[in-house]
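J.: Residue numbers (my numbering), protein chains in the order written: chain Z, 1 to 373; chain F, 1 to 275; chain Y, 1 to 271.
Careful: at least some of the hints might be erroneous.
Cut-off 16 Å, straight-line C-alpha distance, at most; resulting in silico cross-link-like pairs (EDC-like, lysine to aspartate or glutamate) [what the hints assert, rightly or not]:
(1) 345/Z / 281/Z
(2) 345/Z / 272/Z
(3) 317/Z / 281/Z
(4) 33/Z / 98/Z
(5) 180/Y / 98/Z
(6) 348/Z / 230/Z
(7) 258/Y / 136/Z
(8) 88/Y / 245/Z
(9) 33/Z / 67/Z
If you are wondering where the hints come from, they were derived from the structure by calculation, not from laboratory data.
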Amino acid sequence: MKKEENIVQLKNISVAFDDQVILDDLSLDIKDKEFITFLGPSGCGKTTTLRLIAGFLEPDEGDVLFEGKKINGVPAYKRQVNTIFQRYALFPHLNVYENVAFGLRIKKMPENEIKAKVEEMLKLVNLSGLEKRHIDTLSGGQQQRVAIARAIANHPKVLLLDEPLAALDLKLRKDMQKELKKIQQQLGITFVFVTHDQEEALTMSDRVVVMDGGKIQQVGTPQDIYNEPENAFVADFIGESNILDGKMLKDYYVEFSGHRFDCLDKGFNTNEAVDVVVRPEDVDIVPVEKGMLTGVVTSVSFLGVHYEIIVDIGGFKWMIQTTDEHFVDDKVGLFIEPDAIHIMKKSKYSGLYGDYSSYSEEIDHLSDIIEED
Amino acid sequence: MNKKSFGNQLLAAPHVVWSVLFIVVPLFIMLYFAFTNADGGFTLENIQQIGLYKKAFGISILYAAIATVITLLLAYPMAYFMTKVNISSQRMLMMIVMIPMWMNFLIRTYSWITILANTGLINTFLGKLGIEPLKLINTPGAVILGMVYDFIPYMILPIYSVMSKIDKSLLEASEDLGSNAFNKFRRVILPLSRPGIISGITMVFVPSVSTFYISQKLGGNKTMLVGDVIEYFFNAGPDYYNVASAISMVLMIMILVCMVIMNRFSDDDSEGVII
Amino acid sequence: MKLLSRLYIALILFFLYAPVAVMIVFSFNSSSSVWVFEGFSTKWYEGLVYDTTMLTALEHTLIVAVLSALISTVLGTAAAVGILAIRKKVASSLVMSMTNIPMMNADIVTGISLMLLFIFMGNLLGLNESLGFITVLAAHITFNLPYVILSVMPKLRQTDANLVDAAMDLGCTPFKAFFKVILPSISTGIATGAIMAFTLSLDDFVISYFTCGKYQTLPIVIYNMTKKSVTPDTYALSTIIFFVVFLLLIFYNMLQSKSEKQASARKGRAK
Numbered sequence: 001m002k003k004e005e006n007i008v009q010l011k012n013i014s015v016a017f018d019d020q021v022i023l024d025d026l027s028l029d030i031k032d033k034e035f036i037t038f039l040g041p042s043g044c045g046k047t048t049t050l051r052l053i054a055g056f057l058e059p060d061e062g063d064v065l066f067e068g069k070k071i072n073g074v075p076a077y078k079r080q081v082n083t084i085f086q087r088y089a090l091f092p093h094l095n096v097y098e099n100v101a102f103g104l105r106i107k108k109m110p111e112n113e114i115k116a117k118v119e120e121m122l123k124l125v126n127l128s129g130l131e132k133r134h135i136d137t138l139s140g141g142q143q144q145r146v147a148i149a150r151a152i153a154n155h156p157k158v159l160l161l162d163e164p165l166a167a168l169d170l171k172l173r174k175d176m177q178k179e180l181k182k183i184q185q186q187l188g189i190t191f192v193f194v195t196h197d198q199e200e201a202l203t204m205s206d207r208v209v210v211m212d213g214g215k216i217q218q219v220g221t222p223q224d225i226y227n228e229p230e231n232a233f234v235a236d237f238i239g240e241s242n243i244l245d246g247k248m249l250k251d252y253y254v255e256f257s258g259h260r261f262d263c264l265d266k267g268f269n270t271n272e273a274v275d276v277v278v279r280p281e282d283v284d285i286v287p288v289e290k291g292m293l294t295g296v297v298t299s300v301s302f303l304g305v306h307y308e309i310i311v312d313i314g315g316f317k318w319m320i321q322t323t324d325e326h327f328v329d330d331k332v333g334l335f336i337e338p339d340a341i342h343i344m345k346k347s348k349y350s351g352l353y354g355d356y357s358s359y360s361e362e363i364d365h366l367s368d369i370i371e372e373d
Numbered sequence: 001m002n003k004k005s006f007g008n009q010l011l012a013a014p015h016v017v018w019s020v021l022f023i024v025v026p027l028f029i030m031l032y033f034a035f036t037n038a039d040g041g042f043t044l045e046n047i048q049q050i051g052l053y054k055k056a057f058g059i060s061i062l063y064a065a066i067a068t069v070i071t072l073l074l075a076y077p078m079a080y081f082m083t084k085v086n087i088s089s090q091r092m093l094m095m096i097v098m099i100p101m102w103m104n105f106l107i108r109t110y111s112w113i114t115i116l117a118n119t120g121l122i123n124t125f126l127g128k129l130g131i132e133p134l135k136l137i138n139t140p141g142a143v144i145l146g147m148v149y150d151f152i153p154y155m156i157l158p159i160y161s162v163m164s165k166i167d168k169s170l171l172e173a174s175e176d177l178g179s180n181a182f183n184k185f186r187r188v189i190l191p192l193s194r195p196g197i198i199s200g201i202t203m204v205f206v207p208s209v210s211t212f213y214i215s216q217k218l219g220g221n222k223t224m225l226v227g228d229v230i231e232y233f234f235n236a237g238p239d240y241y242n243v244a245s246a247i248s249m250v251l252m253i254m255i256l257v258c259m260v261i262m263n264r265f266s267d268d269d270s271e272g273v274i275i
Numbered sequence: 001m002k003l004l005s006r007l008y009i010a011l012i013l014f015f016l017y018a019p020v021a022v023m024i025v026f027s028f029n030s031s032s033s034v035w036v037f038e039g040f041s042t043k044w045y046e047g048l049v050y051d052t053t054m055l056t057a058l059e060h061t062l063i064v065a066v067l068s069a070l071i072s073t074v075l076g077t078a079a080a081v082g083i084l085a086i087r088k089k090v091a092s093s094l095v096m097s098m099t100n101i102p103m104m105n106a107d108i109v110t111g112i113s114l115m116l117l118f119i120f121m122g123n124l125l126g127l128n129e130s131l132g133f134i135t136v137l138a139a140h141i142t143f144n145l146p147y148v149i150l151s152v153m154p155k156l157r158q159t160d161a162n163l164v165d166a167a168m169d170l171g172c173t174p175f176k177a178f179f180k181v182i183l184p185s186i187s188t189g190i191a192t193g194a195i196m197a198f199t200l201s202l203d204d205f206v207i208s209y210f211t212c213g214k215y216q217t218l219p220i221v222i223y224n225m226t227k228k229s230v231t232p233d234t235y236a237l238s239t240i241i242f243f244v245v246f247l248l249l250i251f252y253n254m255l256q257s258k259s260e261k262q263a264s265a266r267k268g269r270a271k
């Protein structure tokens, strides 16, 4: 591998606060000019990883490399990376222009160059004309743009974004997702993005790093992550999924829910216990006689684009998304294509994510209460 | 870099050194004086002598307590009514209440002499109406009046600032749940304004119980308060520093005990209301 | 009800201001009586100009107030930053309790304990005159400190912790980040603390009384004046002080409302 390809490298990083392990022997190569996203639930260590790269935090063990050179101990203000903070951290005592010019002034850039640079940046983020505005008078979306302009004005080689869209409403968030992606392509620099929103991660990233418990669970393209989850955690965290216990009978042949299926996976031991993932949209509902599995519909919700149907098959509640209407208590058959089945090795996450029974249970529980009344 | 860095902690060092030197050490020196005689030998004599000033302590506490109660009774409705006027007037009112507070209390106390004296404004006025002059100055009433007058802003402002922060929706909720005006006051406003009352009481009681000027000016020389006793001994020269220290110490402990009791009443752990 | 509440407010304000009004009126009395107003005159004010005791005291008061406000503001601001940085909760609350002692304690006790300290140290150093400028200055700094710290601390708490990170991210050293980012965002708190310290120092009588020795400040001179006979010149002096405090308070209030406006603007726009 050529050296320039990896702009940031994390090597066997461990971090603990007060005996609590935050990052556990984490290693990762970040390629130059890519849009990479750290995705995970809160407390998974994604923000900590970002702060390590920014230089706000030093690892207890392991090395951080920038362009192949070790930068442990190099303070934040000497690193060629810039950060967009969760709540932007715009300086409240400075106006838009001065916020964007902040880093340039520290560098002692001549005034006319600063002016040109700030104008260029504000144009890039569509804020031209707001130079004199006070930070307090800007909307959330505008503040976001100022934060972007301020960070990229310094020509970082890597831009770190710590849940930058979390404070925006849904519509604005979608717009900013597209815009950030556009800016990244325009500038041709590396974006390291942190989020807990899987949809955001999938739409924006070249590669996604799924994290939990201070460890990387999987690294891959959004398609990889979604279609080939490495373990039950990834499968559950990204999208909806039916995760079942199965047995790999031989290559390309798996048994679960009391039925044997053809599949596309191989390389497991004979009769190895595995986790099987089937995405709700990959299951076809067919008449009972044509089904590989049969069950009873226990709940139906209409979500606009499709119906979300819960089907009880031998006590396991499947979630299925379909555009056809079905009714509670209908007997239905399920048909699953070989490419809809994904096999995963057993992990510590196996068995943690049950079926979709909580849906109906809640309703049962509610109706119980109502009956008691 | 974190706000909680080791380097930042060091910034507190000069203050800590200063506070130890000028707050903690002086209290220990006072303690030392209280338990020694003029030659520096250990003695309990000073503490035993405090019995002689029982009356001064008693009167101080009594007057301060009466003044505090009157202040509270006058200030509470004032604070409540202040929250009822519109916001810009509230700001104005708050300032108007604050101004006398920042004026030297010597001057404030002193002005009362002109009003209360035997030939003062009130008696001159009464005289014109043909009424016999009243004995106003040099009475316990005048001393208590002086305390109330001098310290009432310290009662109004904390109560007002707590009351004005009460969420309006709480009052609406209590009405929604069936409270009439009285219940709304008793069950919502009063309990929520308690932290303000507590800090107001402390801020009035402490200076009242330890004052030494008000009593001299408005009470004549008849009423000796603890503050007067302490001042008297300190003016009497170094030989009396030991007794005075002992009395000061007892006064301090007394105030401390009162404050601990008061803090028991305010079960919230806020830093108190400081103006 | 509305009328009643207005009436009540008016009554309390009358109570608060009646003595002040009396004082102002009699400061313009042409005779030396403080009971009977005999005619308008500004002679008591003119007299003050030639009163050297008074002028010296004024000078002393201003020197002590300016210096003590300045020193306590610097010490207190640094302390506020430092105390918030202390990780151990026990240690920081210990420091805070110590800080608050002069605010909670009776002034007379604070004054006396300081006086004893100064005399004790004076004896150790073999001085004939233990009390004076230095001691009264030290005493004022001591009772000003908690007020400065308590004005600065809330502002520091409100400051987004990420601001320092952001400044360093953009190339500031930690030292520069403090001056470029933290200091400006807590400036109203610092100004409030400084004004409060200045006013408190200007106004203080009890603690100065025990610690100033021969270095008399204005309140001490007023005290001595009121000990003797009562004449309108005291009222004239008081009236001047009243208006100075009045102006300071207006200034202080303007600062406060400015910072409140900023805070509410910030809050209103969040999200």
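J.: Does residue 98/Z lie within 16 Å of residue 33/Z when you go C-alpha to C-alpha?
T.: violated (28 Å)
J.: Please work out if residue 88/Y and residue 245/Z have their alpha carbons no farther apart than 16 Å.
T.: violated (49 Å)
J.: Could you grab the alpha-carbon distance between residue 33/Z and residue 67/Z and see if it respects the 16 Å cut-off?
T.: At roughly 12 Å apart (the allowed maximum being 16 Å), residue 67/Z and residue 33/Z satisfy the hint.
J.: Taking 16 Å as the top limit, are the C-alpha atoms of residue 345/Z and residue 272/Z close enough?
T.: This hinted pair holds, its Cα atoms lying about 9 Å apart.
J.: Mind checking the alpha carbons of residue 258/Y and residue 136/Z for me, to see if they're no more than 16 Å apart?
T.: holds (13 Å)
J.: Is the straight-line distance between the alpha-carbon of residue 317/Z and that of residue 281/Z 16 Å or less?
T.: holds (15 Å)
J.: Please work out if residue 348/Z and residue 230/Z have their alpha carbons no farther apart than 16 Å.
T.: holds (12 Å)
J.: Has the given pair, residue 180/Y with residue 98/Z, been kept, meaning a C-alpha gap of at most 16 Å?
T.: holds (12 Å)
J.: Take the C-alpha atoms of residue 345/Z and residue 281/Z, compute the straight-line distance between them, and say whether it is at most 16 Å.
T.: violated (23 Å)
Checked against the numbered hints given earlier, the structure breaks hints 1, 4, 8 and satisfies all the rest.
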